[in-house]
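Undergrad: For the protein sequence lines, the chains are A and B, in the order given. Residue 62 in the UniProt record's numbering sits at position 62 of the first sequence, and the numbers go up by one each step. Residue 112 in the UniProt record's numbering sits at position 112 of the second sequence, and the numbers go up by one each step.
FYI, nobody ran anything at the bench for these hints, they're computed from the structure. All C-beta atoms in this analysis are idealised placements derived from N, C-alpha and C, irrespective of residue type, glycine included. Be a bit skeptical, because a hint or two may be false.
Partner residues are not named here, just some residues of chain B that face chain A (Cβ under 7 Å, in silico) [to be verified]:
1. Thr-48
2. Phe-49
3. Ala-51
4. Leu-53
5. Asp-112
6. Leu-114
7. Leu-128
8. Gly-133
9. Leu-155
10. His-259
11. Pro-276
12. Pro-277
13. Ala-283
14. Pro-307
15. Tyr-311
Number of protein chains: 2
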Amino acid sequence: MTSERPSRIAVGPSLEPAFARAVTSGGGTVCALDECPDALVWTGGHETFPAVLPASVRWVQLPAAGVENWLTEGIIKAHPQVTWSSAAGAYAATVAEHEVMFLLAGVRALPDHLAATSWTPGDFYPRLGTLRGATVGIIGTGGIGRALIPMLAALGAQSLAVTRTGRPVPGAVETFPVERIDELWPLADHFVIAAPATSETERLIGAEELSSMKPTAWLVNVARGNLIDTDALVDALTRGTIAGAGLDVTDPEPLPDGHPLWSLRNAMITPHDSNPPALRVPAYVEHVTENITRFASGLEPLAVIDPRAGY
Amino acid sequence: MTSERPSRIAVGPSLEPAFARAVTSGGGTVCALDECPDALVWTGGHETFPAVLPASVRWVQLPAAGVENWLTEGIIKAHPQVTWSSAAGAYAATVAEHEVMFLLAGVRALPDHLAATSWTPGDFYPRLGTLRGATVGIIGTGGIGRALIPMLAALGAQSLAVTRTGRPVPGAVETFPVERIDELWPLADHFVIAAPATSETERLIGAEELSSMKPTAWLVNVARGNLIDTDALVDALTRGTIAGAGLDVTDPEPLPDGHPLWSLRNAMITPHDSNPPALRVPAYVEHVTENITRFASGLEPLAVIDPRAGY
């Protein structure tokens, strides 16, 4: 499969120096989109993506980890001859770090501590937990879920994974197929939602799932807001059905001013900034370099998109 | 060295069932303090410790990780024929977890996020960091420091250790002897204070040290409050000399109501509850079991106290 000439890689919508270096490091040469490239590395949004790709393009690299917009806009379907890859996994470590932050701040009651203005350890003792010896249910084990598992292991927590097929995930003490997900709600101590947003995962967690969880459970969502039924979550947090939630994504998003989630102390909100620009660009450059190397060597890129699966 | 009869272990001030089981699991037999025990496992404070120990006692296990009170009260000096061991290391993992919580909440700007009532990611972007690729200076690498290193490694952070001798600490990318500690202040991205409280470490960190640190640095103290000059810290936090602090210990402690640290948003205070009772007892039982096993086998117990070093 290795071609005899260097792979010709176009970069759009504009060519930043970091990506030119990535092409060269990966063993390719940069060319313009109208110069018969073998592949296109995209660094922008779906709104400005070219309506028509040159027939020479065999591979397109997209900068998002979740590509539901590219699918629903029909961009991927319009080019069936092309292999599309996402950035799934590229931002995995930084987002997984954010998840660990939410889990630790939750079990250690940091929101309540930050609100305190007096030295009252006895008030906190009954609420203080640890990840050591705890089990964390990880719903969806793409790059983020897989990056999370060793971080949790280092803290002494065990991962219970949920995947579509139930095929064992390395490092997880048990992997459940999605059909058996209901077994997990009363079983795991805490939950991290890291599943792609698809029609199958919409409102995966509603009133019934929340009421099955332990009252000490923290629920973390860094995937997409619509995986959780927000009204049911507000109700559960208000009534103490679960201990709390750490949300980097919400539904609706942006979360409107005055929304009840802003005023619940056991709701930690970060405004979809778990993967901020300063951390995002170098991570995407690294992913692009790896995938160009793979493409130039005739290997399949990482994170090939399966349009039927939706990610 | 293995004795021909089981080691006779007294437990005081009272015998809880968990400790009776620890003695048995460790290969010893429980006896009373007036029945010629070989060793005493203490589960209380220094105030109620026996003034005189039976001459048969060769080893005493204390329940604290920091034993400065036992030293200054002369309890240890009064029994020079005895090997004394502390609980240093026993609570290491749970305290190290607390440190990781502080560091992550700091670099991810959680205190500012929790104060927000509007969805403004752009306000946070310039302040958001990561432990991935960062260096953490660990001052003191007893049990807690050593437990912290692999947790940081799993998050992609590198540890720079400071010890008395500078002998390389496993897992640290570099170990500095305490004489070279000033090199560390501008070098490391963040700091964790995990040193014992001795006359040498009192006010280890003052105005000069704080002003040498990076303005993005987070400083975590879970050791003893007097290792930091509190007034200098308040000044540094107010002026933004460093990014913030996570404090499980303070000076004075308890921190009085109305103290400026309570109202600084970049000061995260937990009231010396990083090792709460619910987590402490099982950890001490585990440590006692290990040390009884070692004692019964003729091995030196873990965490033998060196009165000259002060821990």
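Undergrad: Tell me the numbers of any earlier hints that the structure contravenes, in ascending order.
TA: Those not satisfied are hints 1, 2, 3, 4, 5, 8, 10, 13, 14 and 15.
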